[in-house]
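Chains as they are written, first to last, in the working numbering: chain A, 1 to 140; chain W, 1 to 669.
There's no promise every hint is true.
[Claimed, not checked] Each computed DSSO-like pair below joins lysine-lysine, with the alpha-carbon atoms no more than 30 Å apart:
(1) A:K132 / W:K240
(2) W:K217 / A:K88
(3) A:K88 / W:K80
(4) W:K80 / W:K127
[Stated by the list, open to error] Far from chain W, some chain A residues (derived; all Cβ distances over 10 Å):
(5) G48
(6) C66
(7) E84
(8) R85
(9) L102
(10) E110
(11) E119
No wet-lab data here; the hints were simulated from the structure. From a predicted model like this one, the values you see are computed outputs, not experimental measurements. Idealized CB from N, CA, C, for every residue including glycine.
Take a look at the letters that make up each chain.
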Amino acid sequence: MLTELLQALGITGKYLFTRSVTLRYPEERREPYLRTRWRHKLMRHENGLERCIGCSLCEAACPARCIRVVAEENTEEARVSPGERYAKEYEINMIRCIFCGLCQEACPVEAIVLREDFELADYERDSFRFTKDRLLEPQK
Amino acid sequence: MVTLRIDDRETTVADGTMIIEAARGIGIEIPHFCYHPKLSVSGSCKMCLVEVEGLAKLVTACTTAVSRNIVVRTRSEKVKEAQRATLSMLLINHPLDCPVCDKGGECPLQDYTYRYGPGKSEFSDEKWHFKKPVDLSPLIVLDRERCILCTRCVRFQEEVAVHPEIEVTERGRGSFIEVARPEGFTSNFSGNTIELCPVGALTSRPFRFKARPWELKRSPSLCPHCGCGCNIWLDVREDKIMRVLARENPPVDGGWLCDRGRFGYRFVSHASRLKTPLIRKGEGFIPCTWEEAISRVIGGFKKGREVYGSESIRGLASPKLTNEELYLFRKFFQEVAGTNSSGYTLNGDLMIESLRPADCSGLRRFSFQDIDEADSIFLIDGDPSKDLPILDLRIKKAVKKGARLFIAGSAEIELSDFASASPIPVGTELNSVPEKGGKGGFDRRFSGEIRDSKRSVILLGRKTDPSEVESLCSFLKELHDNGGGEGWISLGVLMPAANTQGAQDMLSGDTILNSQGIKYGVPGKSDVPDSRVKCLFIARQEIPDITNLRNHLDFLAVYDIFLSDTARVADVVLPAAAFSEIDGTYTNSERRVQRLFKTTQTPGEAKPLWEVMTLLAKATGTGWDFHSSRDVMREISEKISLYRYISYEEIGMKGSYADGTTSGPRYYR
């Protein structure tokens, strides 16, 4: 009985002398993994045009049904994306999202991607509705 | 009859049946693009290749007729190889833009490629590129890259619409679909080509990029634009109608839809729809609650009755309203307001009085299908292409089959090109020759033509002079009784609005109002001066010279979906529900009662008219107990003997004639 207790304390004691794995977040931060899947971004092409073509395949793939896309036709005067079609509205309900990444997988033009921003907490429910202007990568 | 085996299953079909149809009969799918059951055979896509035992080569199932004891294989290795090859060929120049294509998700080419395709392309060169999209018309967009030249659209325009405006130009690999006429693609039925197109080559301009097929909720409905009552699907996204598709009900629409029905839906979700009741304040209106509006209307009626008597109160309803709404409309004016004057109007045209069954007993009551069997068709002062477009297709089909078409009227109509030489030249002032047959001596000039035929259809248009109808009926009856067989003459009236027939039935014949000029009155007593009417309730109707009428009125209430010119001069404006926002029934031109279903929400506080009428009745202390349009229909079937067999359960999805039958001849009694 006593020997077992000492054995256990021995294991505990051993860890006193190993390196700590805990980070003191938020003061200390860790480099995110390369393929970490957090907040979405809508990407742009090199020339500044939006990648998204408003095809709604992400919406179809989403198991949480948290994406909403409304498409519109490009005109020569006001071109938003290459090709005929672009997303006029693009919304993600971040409360519903389960960050599974299926939207990213479904996207035929690599427009919607999940990236490293994970600090999504907020006080207002409404602020979890990520509209296109919040998701879109800023113009370079 | 021929017996054959398809994929180890035996089936017996009529001689001359194509293999593809025989297979479809026993539920075996043979993939196809150019074949369509309602169009002629083309055999151009080579998708439906099947193996017939004993034949060295594969044959196309859409062009090969069955023969006795043949053995057909649709899924053998040889067939699968051919299907892969065909799809590879079709996809050589087909762009892979399914994600942005409106057909994507409901595309036969996409589906077959998944099911039967090779899975990869061996074509490594650059695909053909064309300018895209090309507008064929303001409604239809062509994408040449996607077209597989199945020619369904061309064949539809040529064979069904009989308006060949598009064609295949050039030859071989350079061929493409093009508008053939300088006036453009103007056909009334052009929208059907969108639905026929098995790829995304022809797509709808109004629907362009509005939604993907899987986002749409599909609900059954009826077209509200004319008296045909074509069955439609409403595809709704986020409570907005995104598009309208044909819902096949063969005796009514034959599975087609005219462009007015297919593209006339955007008014429902228009931003300027009325959302709250309005009451007049000075020159303008202020929004108010339903309670205020209702008490204002009741107040107006009460004052009118006290000052001028109950005859000064009148209701005027539109034949766009459902039977349920119209029934309660009349019930309110009869029972509550105590006036016998409720009626309906017809966009400036005098509605001819419904045929009195007694005048034409024994004649066949017109059903759309009578046209298919007729060998002579007479159009009197009517233009189906404008008023009931889908009948236009039926008539053309009958003419192609050999029926003779005679047109009597004061103007050329679209169908004139299909007519046989008419004994009465078009443009003749018909009414100038009063004869006993009516219509300028219809008996003398047409009786020979009618006698010569075995089955005759006579259709009266909306411009027919009501005073001549009676003599016309008795003439036809005489002809009929002397001729062969029961019901060989079919007689009908082309009712232009969605529920003109229903309005007639619900408001029962004796109170038809004429909105021509300012005279409102009962036919026969049409000289009753309108100045007696002091309080008017207009439901969903625009009155041409409303300001003139307004000067005579003390009180005007208007129920409508928009703030029309008529509503603008009203004291109270009530917001109305549109066709997709109500449960109810329409009675079409052949007196088929069909269902409307509530599919979208009413904007703001708009209400269906039956609800408004119930509120009005309640406000006067009359205890009406209607909680749904179903309750109203229950009372209609009790009170209106014509509709005694009608109930929502009975009508089902395909509708039923008011007498409870769904097919077969009906007679005037």
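Non-interface claim for C66 (chain A), where every Cβ of chain W lies beyond 10 Å: The claim stands: C66 (chain A) keeps its Cβ more than 10 Å from every Cβ of chain W (closest is about 14 Å).
Outside-interface status for L102 (chain A) - nearest CB in chain W farther than 10 Å: 15 Å, holds
10 Å Cβ clearance of E84 (chain A) from chain W: Since the minimum Cβ distance to chain W is about 6 Å, E84 (chain A) lies within 10 Å and the statement is violated.
Pairwise hint evaluation, K240 (chain W) against K132 (chain A), where the allowed Cα distance is 30 Å at most: 22 Å, holds
K80 (chain W) paired with K127 (chain W) [C-alpha distance capped at 30 Å]: 25 Å, holds
10 Å cut-off, C-beta based - E110 (chain A) kept clear of every residue in chain W: Non-interface label on E110 (chain A) holds, nearest chain W Cβ at 12 Å vs cutoff 10 Å.
Non-interface label on E119 (chain A), tested against every C-beta of chain W at 10 Å: 31 Å, holds
K88 (chain A) paired with K80 (chain W) [C-alpha distance capped at 30 Å]: 42 Å, violated
Assertion that G48 (chain A) lies outside the chain W interface [Cβ separation over 10 Å]: Non-interface label on G48 (chain A) holds, nearest chain W Cβ at 20 Å vs cutoff 10 Å.
Pair hint K217 (chain W) and K88 (chain A), alpha-carbon separation not exceeding 30 Å: With Cα atoms ~21 Å apart, K217 (chain W) and K88 (chain A) stay inside 30 Å; holds.
Non-interface claim for R85 (chain A), where every Cβ of chain W lies beyond 10 Å: The claim is violated: R85 (chain A) sits with its nearest Cβ about 4 Å from chain W, within 10 Å.
Figure legend: structure checked against the earlier numbered hints; hints not met, in rising order: 3, 7 and 8.
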